[in-house]
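Colleague: What follows is each chain in one-letter form.
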Amino acid sequence: AQSVSQHNHHVILSEAASLELGCNYSYGGTVNLFWYVQYPGQHLQLLLKYFSGDPLVKGIKGFEAEFIKSKFSFNLRKPSVQWSDTAEYFCAAPLSGAGSYQLTFGKGTKLSVIP
Amino acid sequence: KAGVTQTPRYLIKTRGQQVTLSCSPISGHRSVSWYQQTPGQGLQFLFEYFSETQRNKGNFPGRFSGRQFSNSRSEMNVSTLELGDSALYLCASGTGGYNEQFFGPGTRLTVL
Numbered sequence: 001a002q003s004v005s006q007h008n009h010h011v012i013l014s015e016a017a018s019l020e021l022g023c024n025y026s027y028g029g030t031v032n033l034f035w036y037v038q039y040p041g042q043h044l045q046l047l048l049k050y051f052s053g054d055p056l057v058k059g060i061k062g063f064e065a066e067f068i069k070s071k072f073s074f075n076l077r078k079p080s081v082q083w084s085d086t087a088e089y090f091c092a093a094p095l096s097g098a099g100s101y102q103l104t105f106g107k108g109t110k111l112s113v114i115p
Numbered sequence: 116k117a118g119v120t121q122t123p124r125y126l127i128k129t130r131g132q133q134v135t136l137s138c139s140p141i142s143g144h145r146s147v148s149w150y151q152q153t154p155g156q157g158l159q160f161l162f163e164y165f166s167e168t169q170r171n172k173g174n175f176p177g178r179f180s181g182r183q184f185s186n187s188r189s190e191m192n193v194s195t196l197e198l199g200d201s202a203l204y205l206c207a208s209g210t211g212g213y214n215e216q217f218f219g220p221g222t223r224l225t226v227l
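Read top to bottom, the protein sequences are chains A and B.
So in the working numbering, spot 30 of the first sequence is number 30, and the numbers just go up one at a time.
So in the working numbering, spot 5 of the second sequence is number 120, and the numbers just go up one at a time.
Just so you know, not all the hints are guaranteed correct.
Heads up, simulated SDA-like pairs for lysine to any residue below, C-alpha to C-alpha not over 25 Å straight-line [to be verified]:
id: 1; chain 1: A; residue 1: Lys49; chain 2: B; residue 2: Gly173
id: 2; chain 1: B; residue 1: Lys172; chain 2: A; residue 2: Asn32
id: 3; chain 1: A; residue 1: Lys71; chain 2: A; residue 2: Gln42
id: 4; chain 1: A; residue 1: Lys110; chain 2: A; residue 2: Trp83
id: 5; chain 1: A; residue 1: Lys58; chain 2: B; residue 2: Tyr213
id: 6; chain 1: A; residue 1: Lys49; chain 2: B; residue 2: Phe217
Going by beta-carbon spacing under 8 Å, a handful of chain A positions derived as facing chain B [claimed, not checked]:
id: 7; residue: Phe34
id: 8; residue: Tyr39
id: 9; residue: His43
id: 10; residue: Leu44
id: 11; residue: Lys49
id: 12; residue: Tyr50
id: 13; residue: Pro94
id: 14; residue: Tyr101
id: 15; residue: Gln102
id: 16; residue: Lys107
Because the hints were derived from the structure by calculation, they are not lab data.
In this text, a Cβ means the ideal position worked out from N, Cα and C, and glycines have one as well.
Based on the provided sequences and hints, a complete structural model is requested.
Modeller: Structure below.
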């Protein structure tokens with residue numbers, strides 16, 4: 001990928017609501033995609049990743065993401081959020097190019113879940 | 116397996132000073148990357164080291180530098196600190212290539 005963009009800056013949901021966070025990438029060769037989560041006061045953790053194969057990827061804590069090549073999207077979903085899902089979520093992809101192994105991140109989406 | 120560790124966790128410096136941050140990767144990981152995280156700019160890539168060689172560098176001034184030792188531990192240095200350098204500096208380790216990176220807790224640098 002060359003760049004990653006996240007549509008929503010801040011999302012506020014009530015517990016049990018469904019979640020979908022948008023992520024789009026610009027095409028640039030091999031597509032490997034990641035979602036990371038940063039809980040308040042904690043370090044970035046990997047939620048899930050897509051390298052190839054089944055475009056529906058399941059991650060930890062009930063999260064899943066769907067890779068849609070035609071839309072250059074990799075949206076994160078969860079059917080029913082909990083208060084403990086309050087965190088900031090980052091979509092990321094390796095910057096393509098010879099010898100380039102850096103991750104490029106979206107700006108992040110803050111999720112606030114109201115009990 | 117122990118995770119990525121970073122020291123110190125918090126630093127307060129004044130403008131013009133220099134600072135050195137340290138990162139110990141997960142055992143067996145040879146790739147170490149550094150990122151700067153700020154509320155306005157988000158996560159921005161600084162540089163990546165693999166087996167003591169800098170493979171990639173982000174778009175930061177030359178005041179930002181780093182190195183990696185033979186045991187894969189890495190340090191980054193910022194000289195002539197500016198107020199805008201206040202940020203959370205994150206270190207991530209990996210096996211290299213297009214695989215996931217594992218992040219440390221970060222060093223919170225405040226420049227006064």
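Colleague: Quick check: which numbered hints come out false for this structure?
Modeller: 3, 8 and 12
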